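> Dock chains B and C against the given chain A, drawing on the hints supplied.
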Amino acid sequence: MSNAGLAQFQQVFIEESLEGLDTMESSLLALDEGGDGELVHTIFRAAHSIKGGAATFGFPEMASFTHEAESLLDEVRGGKRAIDKPIIELMLRSVDCLRGMFDRARAGEPLNDATSDGVRGELAAMMGREAPAQAGPARRAGDQAGAWMIQFKPHAGMLASGNDPLRLIRELAGLGELVVEADLSRLPALARLDPSECHLGWSIELKAPVRREDIAAVFDWVEDECDLSIEPKPTAVVTPAPAPAAAPAPANIADAAAARGTREASAESSSVRVAIDKIDSMINLVGELVITQAMLDTFREEFDPSRLPLLQQGLTQLARHARELQESVMGIRMLPIASVFNRFPRLVRDLSQKLGKQVKLDLHGEQTELDKTVLEKIGDPMVHLVRNAIDHGLEVPEKRRAAGKHEMGTLKLDAFHRGGNIVVEVSDDGAGLNREAIVRKAVERGLIKSGDGLSDEAVGDLIFQPGFSTAEVTTDLSGRGVGMDVVRRNVSDLGGSVVVRSKPAQGSVFTITLPLTLAIIDGLTAAVGEERYIVPLVSIIESVQLKPDALKTVAGGGELFRFRGEYLPVLRLHELFGCEGAKRTIEDGLLIVVEGDGSRVGLFVDGLVGQQQAVVKSLEANYRRVQGVSGATILADGSVALIVDIAGLVRLHGRRKAA
Amino acid sequence: MGKKKPEHDRQPETVEIGLPVDCRMAAQAALLSDLLGALDAPATQLDGRAVERVDTAALQLLTLFRREALSRGRAVSWLGASTTLCEAADTLGLVQALDLPVAAAA
Amino acid sequence: MAKILAVDDSASMRGMVAYTLRGAGHEVTEAENGQLALDAAAAGGFDLVLADVNMPVMDGISMVRELRTRPAYKGVPILMLTTESHTDKKMEGKAAGATGWLVKPFDPDQLLATVKRVLG
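Chain order of the listed sequences is A, B and C. The opening residue of the first sequence carries number 1 in UniProt numbering; numbering runs sequentially from there. The opening residue of the second sequence carries number 1 in UniProt numbering; numbering runs sequentially from there. The opening residue of the third sequence carries number 1 in UniProt numbering; numbering runs sequentially from there.
Bound conformation, chain A alone (with noise of 0.2 Å):
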């Protein structure tokens, strides 16, 4: 690592060999199930590619512990041990201390703890070693003399391996003065050559006083391509002669150390690998733009009103393709979810295993894909929900029996797109929410007077709710509520949602549903007096005009409207917001339906002004968190729109309700 350029190749290193690792380990886990030889062969690749880079980019610890792995994947891959439950245990160890090594590697602490030490120790002793073997057996000291005669004949195939005697010799040549004789015995008749086959042989002197093994590095390649003797020459006159070549330069290891310092600088900078297909179509629709683009420039030159047809028709592509390169440009941002997915395999094999349930994991759309920063923010709230699930959701083998199901649960994680959405699920066939239990809870928590009239929506809504859960709700409960509240504030800083279906000895469901994107939603624009809003395309279900005494007023002051024979709340805007001279009696506005969280409410609004893109900027990094608001953006005109977040518009309804 002799510069800050190779830095960056250090760092593309790390996050391979993690996602490597990733690759072992849900690979292990499939040889465990069952699995066929292939996985050993992945798996050793994977072993191996981590082993090579390490050493390169500077970790030699790394390198020597993978080596010791990939010794033992080497006995298995070729037949001399079989793969069984203790080394598939090792490896995963294994695994594990590599993990910890990378992380220490960004932390830029000493990579070998107490833990590698004592794994690396077993996966020697398992190869029936005492320590991991150091140095190789010493080199045999080359001899030595003043001179040397070389007898060098190629074998026929030996250029057209891309050997050239011509290389070689003049290789030779840097060790020192030469003397070269062809040998021109062996040629065939022109007409029988073959040009690809050599059939020249030399004879050379090298006077000069070099080591044997230097003139034999000469010829490493082709040791077995070619006749070859190296024998001291008897009567030498020593002449002077030119210093041997320089051997290879050594390893610059302070480079290497400063390489790792700008790597602790640079390890908090995160990047994205993009597939090339992705930057591809990126390249053809920058072209496609430069064209349109061309096209309308000549109107600078002369604008003849007849041509106006085409001006519209550049102008509409002009909007197409540049609509395209943003969905490429944000395209670049979304990662399969697979990643995510992968961790949790030795998850739920470790837990059930210390639990002692069975578990089969079922994994479905591992390919969808996320947001980057959504993906890396939601493996957190979902390590939450599948504990929970093993946890409390499944039941031991034997009750499991005793209902009636298979000893075996089944947890299943899926991801799909659903509308603008992507959905991810978690759900097992488990026991399904204790509503006593619950309500019980939330009543001695305060959080409700009584359970009577609430819906079991309703009731599986406790269990998110803040002050729900302390430590010893998971001892005493039955149901599930570990630290959920903090599982929907994750999700719901994702702009997101999440709820729970469950039904007694059947099962729960947690469906996380999330946006596509967090940097740039369709909204419509709604006007509410002088202020525009954005309300975001996905969560719209209908706008609708209501006539005068389709409003009801309830008890309390609350507004409620007939939609589709329910009846909705209706959220006033301008009130919410406190905003001047908008319009205020419900037949001279628009009332937009909307569903957030699960529930359905109508926003009370002006009008509609149009629909648009918006790109999402943060009001917390600018300005401080609103609620009911989740960002904002800036108009064609300049002027700022808050874009309303409606699963929090939602319950803040609820909230002011109950209050």
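Be careful, since some hints might not be right.
Said to hold, decoys possible - Some chain A residues flagged as far from chain C (calculated, every beta-carbon gap over 12 Å):
id, residue
1, H199
2, Q293
3, H321
4, E436
5, V443
Claimed, not checked - One side only, chain B facing chain A, incomplete, derived with CB under 8 Å:
id, residue
6, Q28
7, A29
8, L32
9, L35
10, L39
11, D55
12, T56
13, A57
14, Q60
15, L61
16, L64
17, F65
18, E68
19, T91
20, L92
21, L94
To be clear, the hints were calculated from the coordinates, so they are not data collected in a lab. Being a predicted model, the structure only gives us computed values, none of them experimental. Ideal placement from N, C-alpha and C gives every residue a C-beta, glycine not left out.
For chains B and C alone, coordinates are given in the frame of chain A:
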């Protein structure tokens, strides 16, 4: 050396073969058939002035051609040869067999 | 200077190789497995091919074997990027037609020295 090319040497029977800039293996199938054709001509003039890249296979081919042509009583001469070509022949100990000017190698 | 094809499934290794060689003035094309390398090789006459051994889709050894059947790649130097623990792989690579090898780990200087050695 190009200046040494005397006009009167150019009898109709003399075949002139120009070696390509890149004279390495990929170019040699074509070169071989040219050379085989030239074996029947009373005299061949090789032009190696353009050669920038050369390998052992090329020099082997030329060596063999010259040896075979001479054994049939044909004349082979050089219109000229690049430094690269001469140096390669020198390294492989083929300067004499090819009758290349050693001076050019310097 | 020379046209070089760098083949490795590891983006970091491939990136390091390409970056180093470009820094030395070479024109480098990258490919992430043997199959893609064969496609790239068909398009352009490379002076040198550097290839990893273990790769998905098509490994380096199969790639060399295939490349050597093409007349344009007879005699073109092909170096395998390999690790020291696999002497048998070196020999397998040689048998398939590789010119030689460069042992991992290597640093940029060693890479350049070896490339210089092959290109002469």
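> Compare the structure with each hint and give your call.
Taking the hints in turn, this is what the structure says about them:
With 12 Å as the threshold on Cβ separation, the claim that H199 (chain A) sits away from chain C holds: the shortest Cβ distance comes to roughly 15 Å. For Q293 (chain A), the non-interface assignment is confirmed: its Cβ lies about 30 Å from the closest Cβ of chain C, beyond the 12 Å cut-off. Under the 12 Å C-beta cut-off, the non-interface status given to H321 (chain A) relative to chain C holds; the minimum distance is some 29 Å. No Cβ of chain C approaches the Cβ of E436 (chain A) within 12 Å, the least distance being about 54 Å, so the stated non-interface status holds.
With 12 Å as the threshold on Cβ separation, the claim that V443 (chain A) sits away from chain C holds: the shortest Cβ distance comes to roughly 57 Å. Taken as an interface hint, Q28 (chain B) checks out: its beta carbon lies about 4 Å from the nearest beta carbon of chain A, inside 8 Å. Because the closest C-beta pair between A29 (chain B) and chain A is about 7 Å apart, less than 8 Å, the hint holds. Interface restraint check for L32 (chain B): the shortest CB-CB distance to chain A comes to about 6 Å, inside 8 Å, so the restraint holds.
Interface restraint check: L35 (chain B) against chain A, minimum CB-CB distance 7 Å, threshold 8 Å, status holds. Checking L39 (chain B) against chain A: minimum C-beta separation of about 7 Å stays under 8 Å; hint holds. Given hint, D55 (chain B) at the interface with chain A, holds; its Cβ is 5 Å from that chain's nearest Cβ, closer than 8 Å. Hint on T56 (chain B) holds. Least Cβ distance to chain A is approximately 5 Å, under the 8 Å limit.
The criterion of a C-beta within 8 Å of any C-beta in chain A is met by A57 (chain B), whose closest approach is roughly 5 Å, and the hint holds. Restraint check, Q60 (chain B) versus chain A: the minimum CB separation of about 5 Å is within 8 Å; hint holds. Checking L61 (chain B) against chain A: minimum C-beta separation of about 5 Å stays under 8 Å; hint holds. Here the hint on L64 (chain B) is kept, as its CB sits about 5 Å from the closest CB of chain A, short of 8 Å.
Satisfaction of the interface hint for F65 (chain B) is found here, the shortest Cβ-Cβ separation to chain A being roughly 6 Å, below the 8 Å cut-off. Checking E68 (chain B) against chain A: minimum C-beta separation of about 5 Å stays under 8 Å; hint holds. The closest approach between the C-beta of T91 (chain B) and any C-beta of chain A is roughly 5 Å, which is under the 8 Å cut-off, so the hint is satisfied. About 6 Å separates the beta-carbon of L92 (chain B) from the nearest beta-carbon of chain A, less than 8 Å, and the hint is met.
A hinted interface residue such as L94 (chain B) counts as satisfied when its beta carbon comes closer than 8 Å to some beta carbon of chain A; here the least separation is about 5 Å, so the hint holds.
Violated hints are absent here; each numbered hint is respected by the structure.
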